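Single-letter residue listing:
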Amino acid sequence: DSGVTQTPKHLITATGQRVTLRCSPRSGDLSVYWYQQSLDQGLQFLIQYYNGEERAKGNILERFSAQQFPDLHSELNLSSLELGDSALYFCASSAGGSNTEAFFGQGTRLTVV
Amino acid sequence: GENVEQHPSTLSVQEGDSAVIKCTYSDSASNYFPWYKQELGKRPQLIIDIRSNVGEKKDQRIAVTLNKTAKHFSLHITETQPEDSAVYFCAAPKGFQKLVFGTGTRLLVSP
Numbered sequence: 001d002s003g004v005t006q007t008p009k010h011l012i013t014a015t016g017q018r019v020t021l022r023c024s025p026r027s028g029d030l031s032v033y034w035y036q037q038s039l040d041q042g043l044q045f046l047i048q049y050y051n052g053e054e055r056a057k058g059n060i061l062e063r064f065s066a067q068q069f070p071d072l073h074s075e076l077n078l079s080s081l082e083l084g085d086s087a088l089y090f091c092a093s094s095a096g097g098s099n100t101e102a103f104f105g106q107g108t109r110l111t112v113v
Numbered sequence: 001g002e003n004v005e006q007h008p009s010t011l012s013v014q015e016g017d018s019a020v021i022k023c024t025y026s027d028s029a030s031n032y033f034p035w036y037k038q039e040l041g042k043r044p045q046l047i048i049d050i051r052s053n054v055g056e057k058k059d060q061r062i063a064v065t066l067n068k069t070a071k072h073f074s075l076h077i078t079e080t081q082p083e084d085s086a087v088y089f090c091a092a093p094k095g096f097q098k099l100v101f102g103t104g105t106r107l108l109v110s111p
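Chains as they are written, first to last, in our numbering: chain A, 1 to 113; chain B, 1 to 111.
Bound conformation, chain A alone (with noise of 0.2 angstroms):
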């Protein structure tokens, strides 16, 4: 157990909908991370906060968007789900910035039929 709590596990949403994804980092850490992995696919950055405040970006869809909240959990919004967004989507929490260790989530598989 890695101390990062992600939830749901699994979700299974149609097209055109809206689901939230929550995160809740490991104690103590104030860096949150969300990757998306599709199917056999390497881990794509989407977007970084550290306590509370959004540092960084990476490839992350209009339609998708996050917020980390002052007791440092977070949530990952992703609306106008289409059937390329299935995938599994990854927290990871880190005590400071990119050069401490990470450490993963079990993640939420969401599936988008």
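Calculated directly from the structure, the hints in this document are not laboratory data. None of these values were measured; they are calculated from a predicted model. Every residue, glycine too, gets a C-beta built ideally from N, C-alpha and C. It is possible that part of the hints are untrue.
Not close to chain A: a few residues of chain B, all C-beta gaps over 10 angstroms, as computed [to be verified]:
#1 H7
#2 S18
#3 K57
The calculated lysine-lysine pairs, modelled on BS3-like cross-linking and capped at a C-alpha distance of 30 angstroms, are [claimed, not checked]:
#4 K9/A x K42/B
#5 K9/A x K98/B
#6 K42/B x K58/B
#7 K98/B x K42/B
Following the hints, put chain B in place on chain A, whose structure we already have.
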């Protein structure tokens, strides 16, 4: 670009052989280089990391080497076992905030 290049994409070895995976990064300011192992359907887990003030680090059968001049770092697994079969990802920081991953290497160790 900001990507981390990783090679090979697949690697098949016999049990007991060594395996080497190589990565190249672009940001000369990068100072932390982790390696993650991802088993099928599971989360990536850190197996070893190295900081830029050292050239090599070992942990039992696993070692990582770093060449800062060439911006290369490599993962070495000796005496491979079937349970080493997984996808391995390297990563490097891009700036203070972004941790960018390589494209992954699927390692298959045959008994």
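Each hint tested on the structure:
1. H7: Label holds. Min Cβ-Cβ 13 angstroms, cutoff 10 angstroms.
2. S18: The claim holds: S18/B sits with its nearest Cβ about 24 angstroms from chain A, beyond 10 angstroms.
3. K57: Its Cβ never comes within 10 angstroms of chain A, the nearest being 14 angstroms, so this holds.
4. K9/A x K42/B: holds (11 angstroms)
5. K9/A x K98/B: holds (25 angstroms)
6. K42/B x K58/B: This hinted pair holds, its Cα atoms lying about 25 angstroms apart.
7. K98/B x K42/B: holds (22 angstroms)
Of the numbered hints stated above, none is contradicted by the structure.
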